[in-house]
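Trainee: I would like the entire structure built from these sequences, with the hints used as guidance.
FYI, the numbering for the sequence shown is 1 to 234, going by my numbering.
No lab work stands behind these hints, which were simulated from the structure alone.
Hints may contain errors.
Listed next, the in silico SDA-like pairs over lysine to any residue satisfying Cα-Cα at most 25 Å (straight line) [unchecked claim]:
no., residue 1, residue 2
1, 161, 232
2, 161, 230
3, 161, 218
4, 195, 218
Label-pair ranges, simulated between beta-carbon atoms [unchecked claim]:
no., residue 1, residue 2, range
5, 195, 12, 29 to 39 Å
6, 68, 211, 23 to 33 Å
7, 10, 34, 52 to 62 Å
8, 60, 203, 22 to 32 Å
9, 74, 139, 51 to 61 Å
10, 166, 20, 27 to 37 Å
11, 74, 34, 42 to 52 Å
12, 62, 18, 47 to 57 Å
13, 225, 139, 43 to 53 Å
14, 60, 135, 18 to 28 Å
15, 69, 47, 53 to 63 Å
16, 110, 204, 46 to 56 Å
Built from N, CA and C at the ideal position, the CB exists for glycine as well.
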Amino acid sequence: MSAAIKKRSPEEYKAQEERLRAVWANPAGWRYWTSVNNYQIGLWYGSAAFAFMLFAGVLALLMRLQLAVPDNDFLSADVFNQAFTLHGTVMMFLFAVPIFEAVAIFLLPPMLGAREMPFPRLGAFSFWSFLLGGIFVCGSIFFNAAPSAGWFMYPPLATDKEFSGIGADIWLLGLSFIEVASIAAAVELIVGIMKCRAPGMRINLMPLFAWYLLIVAGMILFAFPPLIAGDLLF
1 MSAAIKKRSP EEYKAQEERL RAVWANPAGW RYWTSVNNYQ IGLWYGSAAF
51 AFMLFAGVLA LLMRLQLAVP DNDFLSADVF NQAFTLHGTV MMFLFAVPIF
101 EAVAIFLLPP MLGAREMPFP RLGAFSFWSF LLGGIFVCGS IFFNAAPSAG
151 WFMYPPLATD KEFSGIGADI WLLGLSFIEV ASIAAAVELI VGIMKCRAPG
201 MRINLMPLFA WYLLIVAGMI LFAFPPLIAG DLLF
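Mentor: This is how it looks when you write it as structure tokens:
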């Protein structure tokens with residue numbers, strides 16, 4: 001004998017939906033900044049990356065103003081070198097890599113049929129580490145303590161005593177936070193792709209964009225630890 005199935009009224013379905021929305025809603029007030037929802041973290045990541053891109057654009061504009069006319073004294077030589085180094089660093093480590101991670105964290109769960117990323121707190125840790133490192137790197141120029149040894153602090157210029165002072169130390173400290181954040185995001189993406197697919201979605205049935213995210217996250221996972229080791233040994 002099969003048990004009778006009780007039909008629910010529309011009001012009951014609506015009440016259940018509201019309860020589920022309350023569970024997954026972002027915290028109110030100051031606790032909003034403690035959210036671990038992947039959509040919110042992806043939005044924060046993207047917003048911060050675009051803010052850093054605008055900062056790098058302002059630095060590029062200042063450099064072009066300096067180069068607009070001969071014998072211009074709009075920027076001193078030291079400030080120009082600092083702006084040059086920060087522009088390259090910000091565009092690569094604070095925009096190009098983070099914007100990839102922002103799109104990945106935001107889009108991957110619905111692409112795989114998942115409700116959430118596998119490690120929500122790891123995603124939040126990744127964002128806040130990235131933001132802290134970006135503040136270290138970008139804020140140094142306001143204290144005349146930014147690095148000034150070329151596009152990405154290339155040796156042998158970066159190893160010269162004149163260019164390896166406090167600016168290089170601050171740059172390396174900020175970059176270490178950024179690289180740790182990138183590794184944390186890469187781990188979350190790889191585990192999410194391998195373990196959080198919808199039932200029946202074999203790995204060969206994943207969307208092409210998910211394959212792209214998996215490969216790039218794997219590249220980050222293998223490429224960034226040597227960079228951190230270099231930061232510590234520099």
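Trainee: A separate judgement is required for each hint: does it hold in the structure or not?
Mentor: Comparing the hints with the structure gives:
1. 161 x 232: Holds, because 18 Å separates the two Cα atoms, which is no more than 25 Å.
2. 161 x 230: holds (18 Å)
3. 161 x 218: violated (36 Å)
4. 195 x 218: Given pair residue 195, residue 218 holds - Cα atoms ~15 Å apart, limit 25 Å.
5. 195 x 12: 29 to 39 Å: holds (34 Å)
6. 68 x 211: 23 to 33 Å: violated (46 Å)
7. 10 x 34: 52 to 62 Å: violated (35 Å)
8. 60 x 203: 22 to 32 Å: This hint is violated: roughly 42 Å between Cβ atoms.
9. 74 x 139: 51 to 61 Å: Violated - the Cβ-Cβ distance for residue 74 and residue 139, about 22 Å, lies outside 51 to 61 Å.
10. 166 x 20: 27 to 37 Å: For residue 20 against residue 166, whose Cβ atoms are near 52 Å apart, the range 27 to 37 Å is violated.
11. 74 x 34: 42 to 52 Å: holds (43 Å)
12. 62 x 18: 47 to 57 Å: holds (51 Å)
13. 225 x 139: 43 to 53 Å: Cβ of residue 225 to Cβ of residue 139: about 26 Å, so the range 43 to 53 Å is violated.
14. 60 x 135: 18 to 28 Å: Since the Cβ atoms of residue 60 and residue 135 sit about 20 Å apart, the hinted range of 18 to 28 Å holds.
15. 69 x 47: 53 to 63 Å: At 36 Å between Cβs, range violated.
16. 110 x 204: 46 to 56 Å: Since residue 110 and residue 204 have Cβ atoms about 20 Å apart, the given range 46 to 56 Å is violated.
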